[in-house]
Amino acid sequence: MPIQIIAPAPFLSAEEEEEEFQVEEDEGGVPLDLDNDGDTAMDGVAASKRKQGRQAAGIVTPGEIVTDDPQWMRGHGTYLSSPTADGESQSIVSSLAGTISKTNKLLSIRALRFRYVPEIGDLVVGRILEVQTKRWRVDIAAPHSAALLLSSINLPGGILRKRTSTDELQIRTFFSEGDLLVAEVQTLNSDGQASLHTRSLKYGKLRNGYFMTIDAGMVRRMKSHVLTMNTSNGGGEVDIYLGVNGYIYIAKHTTPLTEGGVESKSVSITRLEEEASEAIYSNVNEDISPETRAEIARIGCVLRALVKANVKIDEEMLNLGYEAALEEFLEGFDWGSDTEAGKRVVDLALAKRRMG
Amino acid sequence: MPPPTPLSPPELSYLFTSLSLTPPIRPDLRSASQFRPLIAECSFLPHCNGSSRICMTEAGECIVGIKAEVEKDATSKYATIIEREKWIEVSVEVAGGGASGPGSGVGVGGISGAGGASGRDEGDGGAAVWLKEGLLACGGDGWSILDRLVISKGWHWKLYIDVLLLTPTSHPSPLLLSTAVNMALDSTYLPKLTSPHDVDDIPAFSDDWAISVPLYEPTTFPRPPISLPVVAIGDNVFLDPSVAEVATAEVGLVVTLALSDADGSCDIVGVRGMEVGRAGGKEGDRKGINRKLLRKMVTTCVNEASEVIKTLGETTHKQMFRA
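Going down the list, the protein sequences come from chains A and B.
Quick note on our numbering: the first sequence kicks off at 1228 and runs consecutively.
Quick note on our numbering: the second sequence kicks off at 16 and runs consecutively.
FYI, nobody ran anything at the bench for these hints, they're computed from the structure.
All values derive from a computational prediction rather than experimental measurement.
Ideal Cβ placement from N, Cα and C applies to all residues, glycine included.
No false leads were mixed into what you were given.
Some, not all, of what chain B presents toward chain A, calculated at C-beta under 8 Å:
{"hint": "1", "residue": "Pro-21"}
{"hint": "2", "residue": "Ser-23"}
{"hint": "3", "residue": "Pro-25"}
{"hint": "4", "residue": "Ser-28"}
{"hint": "5", "residue": "Tyr-29"}
{"hint": "6", "residue": "Ser-33"}
{"hint": "7", "residue": "Ile-40"}
{"hint": "8", "residue": "Asp-43"}
{"hint": "9", "residue": "Ser-48"}
{"hint": "10", "residue": "Leu-53"}
{"hint": "11", "residue": "Glu-322"}
{"hint": "12", "residue": "Val-323"}
{"hint": "13", "residue": "Leu-327"}
A few chain B residues that don't get close to chain A, going by computed Cβ distances all over 10 Å:
{"hint": "14", "residue": "Cys-63"}
{"hint": "15", "residue": "Gly-80"}
{"hint": "16", "residue": "Val-85"}
{"hint": "17", "residue": "Leu-205"}
{"hint": "18", "residue": "Pro-229"}
{"hint": "19", "residue": "Ile-283"}
{"hint": "20", "residue": "Asn-305"}
{"hint": "21", "residue": "Leu-308"}
Isolated chain A (complex conformation):
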C-alpha cells in the first residue's frame, strides 16, 4: 500500500450540538461548564461526545465572548469588550485559540499552540536568518528573531580574545545564512527579544547530523539538553540537542576538539586552541557510517511519534521510546509504511515508564 488515506474525525450532528446549546444558554456565550458557585459542572455524556467530535467544546477562538458575568476577572489570553452605552457589564473576550483555565475567579485562556518564549539560560537550537555588520539574526521559533553578537561567540585564536575589525570583515566565515547553531539565551530585552551566546565549547555550529522541528512546549526543561545516547545496530554514540524552542538536532557524537586526540601531545596549547577554534566553524561533515545514519533517523521517528501522541519529551521518555522502537524493529516492522507503528512504539514506551 503506497498511500494511506485517513478519514477525518466526524462532525457533531445537529441534534448533539443543539443539546449542548441548551446547556450553555444561561451562560450568555461560550460554555463555561460552571454553575453559580464556580464549580465545574461536567455532564458525563456531553463530555465524552466532545472528545470524539471535531467541534470540541471548551475550545474558544479569538473574538469569542467567554462570559459576561461580572464575577470573573480576566487573565492571560483575554480582554474586556468595549463598554456598551447602556451601562451593561463588559464581557470577557478571548484573544487566543485555546482552552479555558480557571484559578479561583481568574479566567485565562491557554493557547493550543504557541510560539517559544525565550528565557535566560535556555539552550536553543537556531538557524541564521541574516548576517549584519556586527551580529547575526537567528531564528529560534520565538515571536522575534534572536540576536547573536559577534562579541558573544568564540573567536578563532584563543577563546577569550577581543574582537577586531578583521573579524567583522570575516563575519561570514563563522556563520552564514542557513547555518544551524546551538546556543544559550544570554539576555532578554524589554520586548522579549533574546540575545544569544555561544561562548562555551559546548555551543557553536552544528554538523554531522539531521535537523528537525517539533512544537515548542513539547520539550520538557531538563538539567541538560544535550543528550548522548548509545545506539545499537552498530550506530555508535549519537548526540541529541533538544532545544527548548522545539528545534532538535540529532548528530553523530564527536569528541570535543579541545580534549584533543592523538595530536594533542605534539601540539602546544596555543596552537591547539587556534586549530580547534577554526575547526569549530568548519562546514564539512565527518564520515558517518550508514548504521549511524539509520539510528539517527530512527531517533527522529521516535521523537515525531512521541510528539504526535502528545507526550512531552525528556531524557527518560526518549530512551524508553528508542528501546521500544528497537524491540518493534526486531519483530520486523517497517516504520515508513505502517502509520500505526509510531503509536505502538509510544504505547510500549509509556507502559515501560509505568512499570518503572
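Fit chain B to the given chain A structure using the hints.
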C-alpha cells in the same frame, strides 16, 4: 511570505549522502516509493457541485470547491479550441496571501515553467496553469473533459475550480493540490438535463439531486488526473519528497497521470520540471541528469500511480455514498 531558509551546507551534505546510499535512508524511514499518509474528505461544502479537503503533514491543508454555471457558447456554430478551454477556470488562492485572480498562486508547488511570463498572459498563474493543463490533456482517443461539459446545442457548463490553501506558511507540495482537485472532480455532480439535447432554447434541469449526473462516471475511464512529485538524488528516485528532500535533490519532476483502464494502467498526461535545491556535494561534483534516470523517475510514477488513484477513488466513493 518569506522564502524558506536554505539548509546549511553540512545539513545538505548529510541528507545527500543518506539519500544516495543503497538502500537509501530517508529521514522519516519511509521506503523510496512510500507516500506520507493524508487526511481527506469530499463533498462537504453545501453550495458546491463538488468539493474536497486534504490535510498533509508539512504541506498543510487545502480546500477545493467546484461550481458549475450554465453558459451560452460564445460562437453559435463551432466553438474554437481556445474558447472551449475557457470553459474551465482554475484559481489557486493562498489564505491570507492577499489578492486572488491573475497571478495568484504563482510558484505554489515550486513548479518551474508555470507562472512565468506565459502563465500570466493567460490571465492566471502558477499552480493554476499546470492543474488546468493536466485536466485538459487528460484522456486519449478523442475523449476530453470538455465534451462532458456540453449541455445541449449552444449551451455548456462553465466549471470554476477554486483551490484555497489554508496554511500560508507551509510548503505546499504539488501532490496536495492535485489530490485535492482530483477528489473534488471525482465528487462533482451536475443536475440532470430535462429539456431535449438538440434545441437552442435555454436548457431546463431536474432539481432532484438523486438523479444528478457525475462529471466523471465512477466506473468508466479515464479518471481525473493526478500529479505526483518525484525527485532523484544520486541514483535513487523518491516519491512524495519532503521539503528537505526537495532541497537536496538534483532533479525533480511532476508527472501527471490518469488511470486509463480497469487493470490499473496509467497514461502519462504531462511532465513538468520541479524547482529543486542546489543539490548536495560541491559544485563540481554535480553529475547532471542522464536519460536513464529520467526514465526511471517517470516509470516509478507510472508504477505507483494506479494504486494511489484507486485508493483515492475508493475513499471518495466511500464518503460520497456513506449516507
